[in-house]
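Colleague: All chains, please: the whole structure from these sequences, using the hints.
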Amino acid sequence: MSIKRALVFEKLKEAYVRGLKGTVESFDIWLKTRQVDPRRFNHKSITKFLLDNPNETVNRERELASLAEFVGFYRREKQGLYFLPVVGVPGVGKSQILQTLMGFLSKVDKELTTYSVDASIFARVDETEEESQSYLRILEELKTKKYDVLLIDSCEHDKNIVESLRGIFRQFSRGVVVSAWTPYHWSLYREAIEELTPVSKEVLLQPLDKESTLLLVSRVLDFVSIGSHKWKETVSSRIYDFSSGIPSVTIALLVRSFIEAFQSRKPDVDGESVTAAAKFLGLYGLNEKLAKLAEHQILVLKHILLEPDSRGIRPSTLVELLGKDKATISYHLNVLSAEKILTNERIGRWVFYRVREEIEPLVALRVAKEDEYLG
Amino acid sequence: MSTLASFIIVKIPQRSWNENQIKREIENLSIRNDPSELRQGTKPETFTSHGDCIFFEFGFEYNQEYLTVDGPSHIKAYRPVKIVFIGEQYIAIEAIAENHLDIVKRFLEDNFVPDIKLEPIAFDEKVLRSVIYAARDVFEIEHAPQRRGMETIDRLKYTGRGGVTHSTVHEEYGDEPIERIKVMLREVPSETRVTFNKKGTITIVQRSEPHEIIPVLKAVVDRIIIPYTRTLQLQTRLY
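First to last, the protein sequences are chains A and B. Numbering that gives the first Met the number 0 puts the last residue of the first sequence at 374; the count rises by one with no breaks. Numbering that gives the first Met the number 0 puts the last residue of the second sequence at 238; the count rises by one with no breaks.
The set of hints was computed from the structure by calculation and includes no laboratory data. Yeah, the Cβ is synthetic: ideal placement off N, Cα and C, and Gly gets one too. Please note that a few of the clues may not be correct.
Claimed, not checked - Over 10 Å on every C-beta distance to chain B, these chain A residues come out as not near it, computed from the model:
#  : residue
1  : N54
2  : L63
3  : G102
4  : T143
5  : T196
6  : R218
7  : S224
8  : G226
9  : D240
10 : K278
11 : E356
What the hints assert, rightly or not - Straight line, CA to CA, 30 Å or less: simulated DSS-like cross-link-like pairs of lysine-lysine:
#  : chain 1 : residue 1 : chain 2 : residue 2
12 : A       : K145      : A       : K106
13 : B       : K116      : A       : K47
14 : B       : K197      : A       : K43
15 : B       : K116      : A       : K31
16 : B       : K116      : B       : K198
17 : A       : K231      : A       : K288
18 : B       : K42       : B       : K104
19 : A       : K325      : B       : K125
20 : A       : K339      : B       : K197
Modeller: Spelled out as structure tokens, the structure:
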């Protein structure tokens, strides 16, 4: 028997004996022994908690104050239409801002009426409803009940958002409209929207700074904690380094770091677990990779991010949009795929390219920065 | 009686059903044994088995508002729901309104699959295209077009007496994201038209009797769900 095989058998024997002793540990048990509630410890549950408990989230006072000021101003006269776009990359907390504003308004002034919609459902059709088109149902609601504040989330998910807003402004001609946009969608549609209504104020949502990210991690840990989970601040710092202060990435990294620590049989999460999580999610070295991308590659990424088809973009569409030949587009797509920035999938006759979901906020941040640079 | 049966399918951890044991359980859970004001439970007389599938009806009472000359009034209404255990890992539940579906899911979670939260299996784009490819005939396809120039169109549906994939419309728009299809499946005992939507609802057209719907649901699980949705995770455990 070779030495290598003997070592494998030795390891198997150790595992077998561990099993005999009943020390096999599931991730849930591992979490519980570290005072973490496994029911709460997942991205969905944490995000829901933060959305439902705006007071528990980190400081966005400046941005919220801008919005509240306009609502207060409108409340005084109840005249005019104020359009306030909240602009930020995916995962930066736009929905959170809208939810927080809604919660605040319902508490501060009971007479103010607020209606919240998600633009991603505008195109939805439900044959079981009397009015099958979601958008038309929303227009009817706005027509019959005169709301003071209208919150529209995920404007980037409506491929026909300008026309949707045109119809909405016909019904909602008085009040405050707060809408959420990615920077590239906002820069694409801003001019067309300004023809419908003047923009009162753009509220730019930047990633969190280090202090706020540390606070977010601590709030999340308070939520998932059963007792008192011991947590090192150096670990939070490491999470900030990889997440660039984007809340959704911070949460994903935190959750994955626990899984990495469990899989490596560590007593608790440490800096190495965070690094392993960053590698798993494709965040390790990502900012350096993104910084090195050529201008054309950034443009390709921007068009992919602007693509309304959730499956991704076809190379032929990029050829058409960028006016480049097939070989050039193919080269850029191959480079971006090799760098693990893009993923692709064949559906029917076509291959669709899209940005990897886990890293989309950071790619979007890079594209948004380039936009500013390009003016 | 309606001749349209719509179902959602949920996956559960593998377990060997003992037919007699389930039959006894269904008898014990009879709606007639429920002392509550609004009763819920099984209808044991509907129990039937077919191969490795078990069919029975669950039902519940609820207050339904209706209008009289003197104003709104309430009546106690009854809603029967078809349930099919398919093999050892799947359950088909008749598709009903969301709030009513929660009642059915809770009943199954409490009595047949403890610790499991039942979530329907959705059909993604690849699954729907595989169904079209493998179908005997295709009668209808509904797209949610995303290409440039189609911004003002939310849905595009083409319907025919068969062979809609051999049309210039399909040639032009067939690559757009699919919402719903209506096909005739191969090798289902009788010729049955079935619609699939991406949320996971399966509608069997003009078939509502257990002996008609069971083979179709079994074929959907064996030939579509098992091979094409292999990466699906098991339902979340409850704590």
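Colleague: Does each hint hold? Answer for all of them.
Modeller: Verification of the hints:
A:N54, annotated as away from the interface, keeps every beta carbon of chain B farther than 10 Å; the closest lies near 26 Å. No Cβ of chain B approaches the Cβ of A:L63 within 10 Å, the least distance being about 33 Å, so the stated non-interface status holds. Distance check on A:G102: its Cβ is at least 25 Å (rounded) from any Cβ of chain B, clearing the 10 Å threshold; non-interface status holds. In this structure A:T143 is separated from chain B by more than 10 Å, as the shortest Cβ-Cβ distance comes to about 20 Å.
Non-interface call for A:T196 relative to chain B: holds, since the shortest CB-CB distance, roughly 20 Å, exceeds 10 Å. Every CB of chain B lies more than 10 Å from the CB of A:R218, the least distance being 22 Å, so the non-interface label holds. The beta carbon of A:S224 is kept farther than 10 Å from every beta carbon of chain B, the shortest such distance being approximately 16 Å. Non-interface call for A:G226 relative to chain B: holds, since the shortest CB-CB distance, roughly 17 Å, exceeds 10 Å.
The beta carbon of A:D240 sits about 31 Å from the closest Cβ of chain B, which is more than 10 Å, so the claim that it is off the interface holds. Listed as a non-interface residue, A:K278 keeps its Cβ farther than 10 Å from every Cβ of chain B; the least gap is roughly 22 Å. Remark: the non-interface label on A:E356 is consistent with the geometry, its nearest Cβ contact in chain B lying 14 Å away (cut-off 10 Å). For the suggested pair A:K145 and A:K106, the alpha carbons sit about 19 Å apart, so the restraint of at most 30 Å is met.
With a CA separation close to 18 Å, the supplied pair B:K116 and A:K47 stays within the 30 Å bound. For a cut-off of 30 Å, the pair hint linking B:K197 to A:K43 stands: about 22 Å separates their Cα positions. Straight-line distance between C-alpha atoms of B:K116 and A:K31 comes to about 21 Å, which keeps the hinted pair within the 30 Å bound. As the CA atoms of B:K116 and B:K198 are separated by approximately 17 Å, the hinted pair is consistent with the 30 Å bound.
A C-alpha spacing of about 29 Å is found between A:K231 and A:K288, which places the hinted pair at or below 30 Å, so the restraint holds. The straight-line distance between the Cα atoms of B:K42 and B:K104 is roughly 16 Å, inside the 30 Å bound, and the hint therefore holds. Taking the CA atoms of A:K325 and B:K125, the gap is about 26 Å. The hint holds against a cut of 30 Å. Under the criterion of a C-alpha separation no larger than 30 Å, the hint pairing A:K339 with B:K197 is consistent with the structure, at around 29 Å.
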